[in-house]
Amino acid sequence: MARRFLIAVAMLFLAAMVGLPVAAIFYRAFAEGWGRYVAAILDPETLAAIRLTVVAALIVLPLNIVFGVASAWAIARYRFPGRRILLVLIEMPFAVSPIVAGLCFLLIYGAYGPVGALLEPLGVQLMFNLTGIVLVSLFVTSPFVMREILPVLMVTGEDEEKAALTLGANGWQIFRFVVLPNISWGLAYGTVLTMARAMGEFGAVSVVSGAIRGETMTLPLQIELLYNDYNATGAFAAATVLTGLALVTLALRGLLERFGPRRAHS
Amino acid sequence: MLRARSAPRSRSAPHILPGFSLSLGVSVLFLCLIVLLPVSGLLWNLGKLGPADYLQVMGSERVLTALRVTFTAAAAATAVNAVFGLLLAWVLTRYRFRGRGVMDALVDLPFALPTAVAGIALVALYDKSGWVGGVLDRMGLQVAYTWWGIVIAMIFTSIPFAVRAIQPAIEELDPAEDAAALTLGASPWQRFRLVALRPLLPAILTGTGLSFVRSLGEFGAVIFIAGNLPYKTEIASLLILIRLDEFDYPAAAAIAGTLLAVSLVLLAVINIAQTRLQSYLRVEG
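Heads up: the protein sequence lines correspond to chains A and B, in order.
All the letters of the first sequence, read from the start, carry residue numbers 27 to 292 under my numbering.
All the letters of the second sequence, read from the start, carry residue numbers 458 to 742 under my numbering.
The shape of chain A in the complex, shown without the other chains (with noise of 0.2 Å):
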């Protein structure tokens, strides 16, 4: 009795606070028929939107996954001074709100700031562009490939490694030939992570993308500028863009689970 109690509940719950919402963005989406669907999204404004979402994402995932595979190694595999330190900074930027983040980055890169003074110039102007999209994306999304990496390589040992140095491997090659494949799970659930959160950044990049139409804005923020200009159609087809990526988000979630080795909770 209890359990089926306690089911229902949970599922009630989760349907009418998670479920309903989603359901809604479709059916609003949709609500004036297939046509103004697929004009909304084909609209030049929206479609510079994906485009400069994509291109700011692609731009981040690398940059992020050599930071995170070097962090991760640096704290697995070495004892140094300020070792606890460096995890501590690594995983900050989860517990900074994404509006204080762009705040921060626009008082040290802007025109005002100390470095964007520097650098104005010289005619470099960081803020309220592709760059600026591309820095505060990367503090949003630093965390997650590290995160995703260190327990693997904390698990894993340095037997191998170690193995392969007297073997006469060079860095790169116990790189490539020992560890890649180690971590290689670890490594695509954190490149998925990063990958989403690069693209749904909403609050950090809102302060520093300038929001010139066509121009600086992302996805989530032309979604806010069609709905405040009460396009609600135009806005809801953009939103189940995001949406569906969302769901293969989660839907790679589930498969890197259920086919890679069990992750350990962290």
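For the record, the hints were derived by calculation from the structure and aren't laboratory data.
No experiment lies behind these values; they were computed from the predicted model shown.
Hints are not guaranteed to be accurate.
What the hints assert, rightly or not - Calculated pairs, EDC-like style, for lysine to aspartate or glutamate (alpha carbon to alpha carbon, straight line, at most 20 Å):
1. B:Lys689 <-> B:Glu518
2. B:Lys585 <-> A:Asp255
3. B:Lys585 <-> A:Glu58
4. B:Lys505 <-> B:Glu703
5. B:Lys689 <-> B:Asp584
6. B:Lys505 <-> B:Asp705
To be verified - Some chain A residues close to chain B (C-beta under 10 Å, calculated; not the full set):
7. Leu32
8. Leu87
9. Leu156
10. Thr157
11. Leu193
12. Asn196
13. Ser232
To be verified - Cβ-Cβ distance ranges computed for the label pairs, FRET-style:
14. A:Phe106 <-> B:Val722: 25 to 31 Å
15. B:Lys689 <-> A:Pro207: 54 to 60 Å
16. A:Leu145 <-> B:Gly482: 38 to 44 Å
17. A:Leu145 <-> B:Pro707: 21 to 27 Å
18. B:Ser586 <-> A:Pro147: 17 to 23 Å
19. A:Lys188 <-> B:Val722: 37 to 43 Å
20. B:Asn728 <-> A:Pro70: 46 to 52 Å
21. B:Arg557 <-> A:Pro207: 28 to 34 Å
22. A:Ile111 <-> B:Glu628: 46 to 52 Å
23. A:Gly108 <-> B:Met596: 57 to 63 Å
All residues carry an ideal CB built from backbone N, CA and C; glycine is no exception.
Based on these hints, arrange chain B on the given structure of chain A.
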């Protein structure tokens, strides 16, 4: 939180494996440019402000109201998450039933869904033309564009934190203890309160703490449904953005610095309290 304990032990012969300076160099360079420098920019601006100006910014009626709205809504959302997070974690860990896979995926959806999409989805559901909003409207209730809307948005974005933090702890519960309590004649409620709840407390604390911190900083999901009326339903994050648009950088930095400090202190407290509580329960139990 990840813990970095089981690292190489041999201090006498460090760095046998190659790549130390490369990996550390890359990490530190990246951290400096992407994390340390921007955060210090905020601190630097706060420093320029001075205590009197800081108090003047933070003491204004509008800022105080925004902070009160943010904190009370986050607290309410966290309370709901504590109860339903525990329930969901329990059901997902202990029971096998049809639809469990779908439920498991639904729990993670708020993680994967961009916050702006979450916000617009809640509006679609709760404003007068929405499925739920329409029903509530006929009953004379309004959720969208009120404090309640903010609470719902915060519940949506932070429920996964509660569930995923509590789940591993439930997996580790010893079924034998529950069986023993049953044999000794404990009622279901006693078994839950005394046998299950106590060892779960550290995990519940972490989950609710994370969900509170996340709610404090939530922006995208909230602003769509909040109505954003100054002195009424304006959250602190939005006020930062408004001050920025007015080029009032010091005021923006003051509010942001306060939010950042509260989040970091809370995280530190959660971390310490969790460790303390765990060792306390181990000694007691």
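Each hint tested on the structure:
This hinted pair checks out: Lys689 (chain B) and Glu518 (chain B) have alpha carbons roughly 11 Å apart, not beyond 20 Å. With a C-alpha separation of about 18 Å, the suggested pair Lys585 (chain B) and Asp255 (chain A) falls inside the 20 Å cut-off, and the hint holds. Of the pairs offered as hints, the one joining Lys585 (chain B) and Glu58 (chain A) holds, with about 18 Å between alpha carbons and a cut-off of 20 Å not exceeded. The suggested pairing of Lys505 (chain B) with Glu703 (chain B) holds, with an alpha-carbon distance near 19 Å, which does not exceed 20 Å.
Between Lys689 (chain B) and Asp584 (chain B), the direct Cα distance comes to roughly 18 Å. Compliance with the 20 Å bound is thereby established for this hinted pair. Between the alpha carbons of Lys505 (chain B) and Asp705 (chain B) the distance comes to roughly 13 Å, so the proposed pair stays at or under 20 Å and holds. Interface restraint check: Leu32 (chain A) against chain B, minimum CB-CB distance 5 Å, threshold 10 Å, status holds. At its closest, the beta carbon of Leu87 (chain A) sits 14 Å from a beta carbon of chain B; the interface hint therefore is violated under the 10 Å criterion.
The closest approach between the C-beta of Leu156 (chain A) and any C-beta of chain B is roughly 16 Å, which is over the 10 Å cut-off, so the hint fails. For Thr157 (chain A), the suggested interface contact is broken, since its CB lies about 12 Å from the closest CB of chain B, more than 10 Å. Of the supplied interface hints, the one on Leu193 (chain A) is violated, with its beta-carbon coming no nearer than about 13 Å to a beta-carbon of chain B, more than 10 Å. Using the Cβ-Cβ criterion of 10 Å, the hint placing Asn196 (chain A) at the interface with chain B is satisfied: the shortest such distance is roughly 7 Å.
The restraint placing Ser232 (chain A) at the interface with chain B holds, with a minimum CB-CB distance near 7 Å, inside the 10 Å limit. The hint said 25 to 31 Å for the Cβ distance between Phe106 (chain A) and Val722 (chain B), and at roughly 28 Å that hint holds. Judged by the Cβ atoms, the range 54 to 60 Å given for Lys689 (chain B) and Pro207 (chain A) holds: they are separated by roughly 57 Å. At roughly 23 Å, the beta carbons of Leu145 (chain A) and Gly482 (chain B) sit outside the given window of 38 to 44 Å.
Between Leu145 (chain A) and Pro707 (chain B) the beta carbons are some 23 Å apart, a value that agrees with the proposed interval 21 to 27 Å. At roughly 53 Å, the beta-carbon separation of Ser586 (chain B) and Pro147 (chain A) lies outside the given 17 to 23 Å, and the hint is violated. For the pair Lys188 (chain A) and Val722 (chain B), the beta carbons lie near 42 Å from each other, so the given range of 37 to 43 Å is met. In this structure the supplied range 46 to 52 Å holds for Asn728 (chain B) paired with Pro70 (chain A), their Cβ-Cβ distance being about 49 Å.
Between Arg557 (chain B) and Pro207 (chain A) the beta carbons are some 32 Å apart, a value that agrees with the proposed interval 28 to 34 Å. The hinted range of 46 to 52 Å is not satisfied by Ile111 (chain A) and Glu628 (chain B), whose Cβ atoms lie roughly 31 Å apart. The hinted window of 57 to 63 Å between Gly108 (chain A) and Met596 (chain B) holds, with their beta carbons roughly 58 Å apart.
Comparing the model with each earlier hint shows violations of hints 8, 9, 10, 11, 16, 18, 22; every other hint is respected.
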